[in-house]
Amino acid sequence: MTENLKIKQLVDENQVLLFMKGNPKFPQCGFSSLACQVLDACGTQYETFDVLQDPDVREGIKLFSNWPTIPQLYIKGEFVGGSDIIKEMYESGELAKLISKD
Amino acid sequence: MLLPNQIEEVIAANLECDFIKVKGDDGTHFEATIVSPLFKDQSMIKQHQMVYQALGDMMRQEIHALSIKTITPEQWQEFNKLNES
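So the sequence lines, in the order shown, correspond to chains F and G.
For the first sequence, my numbering gives the first residue as 1, with consecutive numbering after it.
For the second sequence, my numbering gives the first residue as 1001, with consecutive numbering after it.
The hints are simulated quantities; they were obtained by calculation from the structure and are not laboratory data.
Certain hints may be false.
What the hints assert, rightly or not - List of simulated lysine-lysine pairs, BS3-like, C-alpha gap at most 25 angstroms:
hint	chain 1	residue 1	chain 2	residue 2
1	F	K25	F	K76
2	G	K1046	F	K62
3	G	K1046	F	K97
4	G	K1069	F	K97
As the list claims (entries may be wrong) - Every beta carbon over 12 angstroms from chain G, so not counted as near; a handful from chain F, in silico:
hint	residue
5	K62
6	T69
7	E94
For each residue, glycine too, the CB sits at the ideal point set by N, CA and C.
Model the full structure from these sequences, guided by the hints.
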C-alpha cells in the first residue's frame, strides 16, 4: 500500500515521468535507452526514476499499471505505455501532442 | 532455451489470434506481431495488456524482453492491400 502511495505521488508530481533501468546518461537496458531517445527527440523536459535503485518500486510499478515490464512512461499522472507504445506514438506524432496538451 | 514458437503457442492458446509471428533466436529477446479481432476499439495499452495476460507467468519469469506489435484485422487488411499494390 505504501509503495502504491509513493508511486501515485511520483506520477502526480512529475508532468512527464519515466520509470526506467538506469538513468538517461547510463541506461541499463535497450528498451529504457530507446524510451529516453524518443523523449529527447520530442525535446521535452522529463524526470526519470531508476527502478534498479528501489526494488519495491520496481515490483510495485508493475502492479500499479498492470504492466509487467520497464520502462513505463507517465504523462500528467496517466500511464502512457512501454517502449513499443512510446515509439509508435512518437512516430505518429501522438506523443508530442499528448505532451504539449494542457 | 526458449524458442519463438513456444511463445506463439502460449499466446495463441490464451488469446484469439488471426495471425501470430514471434521472432528471436537468442532465447531472451523476442518480437511478436499479433493480429486479433479482440483488439478492435481497444487502446494500445489494453491491447498489449491482453498479450501480457495471455503469457501470464511466462512474462514474469522466462521472457526477458518482448517487443509487441498489435494489429486489428482491419488494419491488417489495409496493410496487406498496400503490400499487394
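**OP:** Tell me, in ascending order, the numbers of any earlier hints that this structure violates.
**Re:** Hints 5, 6, 7 contradicted; others consistent.
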